[in-house]
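Two chains, two separate frames, one set of hints: put the complex together.
Read top to bottom, the protein sequences are chains H and Y. Counting along the first sequence from 1, when you hit position 104 you're at 284 in my numbering, and nothing is skipped either side. Counting along the second sequence from 1, when you hit position 198 you're at 248 in my numbering, and nothing is skipped either side.
Source of the hints: derived by calculation from the structure; they are not laboratory data. Possibly wrong hints are sitting among the right ones.
What the hints assert, rightly or not - With the Cβ distance kept under 10 Å, some of the chain Y side facing chain H (calculated, not the full set): (1) D91; (2) L101; (3) F212; (4) R236.
To be verified - So the derived label-pair ranges between C-beta atoms look like this: (5) H:D302 to Y:I133: 28 to 36 Å; (6) H:D296 to Y:Q73: 31 to 39 Å; (7) Y:I133 to H:G265: 34 to 42 Å; (8) H:A264 to Y:A184: 56 to 64 Å; (9) H:D218 to Y:R185: 35 to 43 Å; (10) Y:A228 to H:Q292: 45 to 53 Å.
Beta carbons are placed, not taken as given, at the ideal position from N, Cα and C, and that holds for glycine.
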Amino acid sequence: MTELSDQALLASLRTLWQDIDPVPADLADRVVAAIAVDTLDREWELLSLVAGLETGAVRSDADRLTLQFSDGTTNVLLHVANAAGGKRVDGWVDAQATSIQLLQGTRQWSTQPGEDGRFAFDQIPPGLCHLRLTIQPSSGGHREFRTPAFEV
Amino acid sequence: MVAMSQAHPRSDEPDLPTKGRWQLSADLFERWRAGDALALDDLVRLMTPALWQVVRACGLDHALAEDVVQHTWLTLVRQHEAITEPKAVAGWLLTTARREAWRVGRRQNRADPTDTTEFDWRLPAQESTEDLAARRQAATQLWQAVSRLNERCQQLLRIIAFDERPDYAGIARDLGTAVGSIGPTRLRCLGKLRALLNGEPA
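Bound conformation, chain Y alone (with noise of 0.2 Å):
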């Protein structure tokens, strides 16, 4: 994270706000339209690791994911006349790489879960030991839990929780779903997800 923890350091990014980027990737959208070029560099390290996670959640591997991601950006900025609501920018740019990524991942025939044992622990270095011990294990329970949901939920939470406003019209298409089951998914598979946690069996 060397080049990118100068603009937002990665320690904070975990707790912001999933509102605050939102709004901010409004503003910064406007000052771009607006003819200020700088912004769109700011929007693209604002979004860049949400838009990551979402492709990610959709099962491609790093090189196709770093596509993806990289496709969004250029068609945001060949299309961005197109975008009719300039505030509703963050939720553009994750519909667009969500789609995108399905889309890539059905065509390699690579729409599995994620390889999980591709994932890499990185936690915070600054840390104490104690620190790092009590968070490192809260992650592995909490790791532990989400590894025992199935497929469909892993992927629905890691995609709303990056993204504050869903769109759940696309994401139940997506996942060959009802519309209406996605509330119910999304409350079924918390549900699912805080009993793990709390010790009950699967």
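With the rest of the complex left out, here is chain H (with noise of 0.2 Å):
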């Protein structure tokens, strides 16, 4: 074997041990099971419903809801409208949120608030659903929030 340069050999270290000790075929589709039944797992902090569903009123049509959601700090409004596609979802958060997730069932959306605390979630299925989001509140750190379901 002629002389090789360090990354060389280094590259075929890499080759070699990845050819006679794989890493096993499924590990990295269990690991990606793993984490999405840890983060079901996971504590969420709750907020409520205040107003919606079950005031009766909120809902104006058949294809329109409003729903707000609160822990007496952050709040989160939410609007679903029937859109081409499926249902739109528009809401406004009035914290910091660096993640905001959709789901419903095993699918989930994701998405970011603008700078005014827009999202929005288009072509969306009717069905169950809830809202993840984590806040970054000004003190630093991080909270993470559910809503309780709500049907599109």
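Listed below in structure tokens is the structure:
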């Protein structure tokens, strides 16, 4: 074998170890599944429904729904409407949110709010959903919230 | 490699420059933190093979190594806010996995060199017979040379082969050696390997 540079030698060592002791084929998939379960099991602070379904009045007609969730400090407002290709969920959050996810069964959609706290999910199939938010309080750290399930 | 080969074909894996992996993992991590949940799945698929190698270098058996890799990912998800340098997430993952592997290995009294009888040659099937034979011969030569290195050299080379920017201070601590001696040890191990490949006596 001719003289190899350190990098070339390390590269052939990488190949060697990947050949003789490969990562189990399904390990990454099992990790992805474990993360999903762990995330579901985690304690999310619950935002309560302040206004919406229980008042009956907010559902102005069959295809438009307004919901408000709060824990007294953090408030989330959602409008659900029919749109092309499914439901459209427009939302507004009054805290610095780093990530917002809409979950429906095993499916999820992720977004981030704009500077004004507005966010939207498009083309959501009708069904039972809940929202998860990761908030960065000005005091630092982060807090994770979820809403109760609601029907879109 | 059925499921994984769709996203990251295994045949590309050995040639994937570690620098690309470093940058790509930083991009995926930042996308995930910004709310793209699927970026985390890609990050897991990208980095799990390297984590596996580093954990196995610490002498854990298959089952323990799998546990440590999984633990590393769950730690990332739970403690991602504490990662002060998102761009160095690959280093964070590799270091976390290595530390946990040493800790578990010590506790289980299993920090022996990896049992080589477990190794199973698995070379890409699509190569022609001659290519395969040539590659197998080169790999056999390399493996014979590596086997003649001492345990510390084997561990160190396996760790740095999969870690573009190794945390020398941490590795030194785990190997029970001085930080300043890691650079020279690395040079010495590579030099020895080169000499063995050239047919010089160990």
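Evaluated hints:
1. Below 10 Å, beta-carbon pairs count as interface contacts, and D91 of chain Y has one with chain H at about 5 Å; its hint therefore holds.
2. The interface hint given for L101 of chain Y is met, as the beta carbon of that residue sits about 8 Å from the closest beta carbon of chain H, less than 10 Å.
3. The beta carbon of F212 of chain Y is positioned within 10 Å of a beta carbon in chain H (closest approach about 6 Å), and the interface hint is therefore held.
4. The beta carbon of R236 of chain Y is positioned within 10 Å of a beta carbon in chain H (closest approach about 9 Å), and the interface hint is therefore held.
5. Between D302 of chain H and I133 of chain Y the beta carbon distance is about 31 Å. The supplied range of 28 to 36 Å therefore holds.
6. A hinted range of 31 to 39 Å holds for the C-beta pair D296 of chain H and Q73 of chain Y, which are about 33 Å apart.
7. Between I133 of chain Y and G265 of chain H the C-beta distance comes to about 37 Å, which sits within the given range of 34 to 42 Å.
8. The hinted range of 56 to 64 Å is satisfied by A264 of chain H and A184 of chain Y, whose Cβ atoms lie roughly 58 Å apart.
9. At roughly 40 Å, the beta-carbon separation of D218 of chain H and R185 of chain Y lies within the given 35 to 43 Å, and the hint holds.
10. Between A228 of chain Y and Q292 of chain H, the C-beta spacing of about 46 Å keeps the proposed range 45 to 53 Å intact.
The structure is consistent with each of the numbered hints, conforming to all of them.
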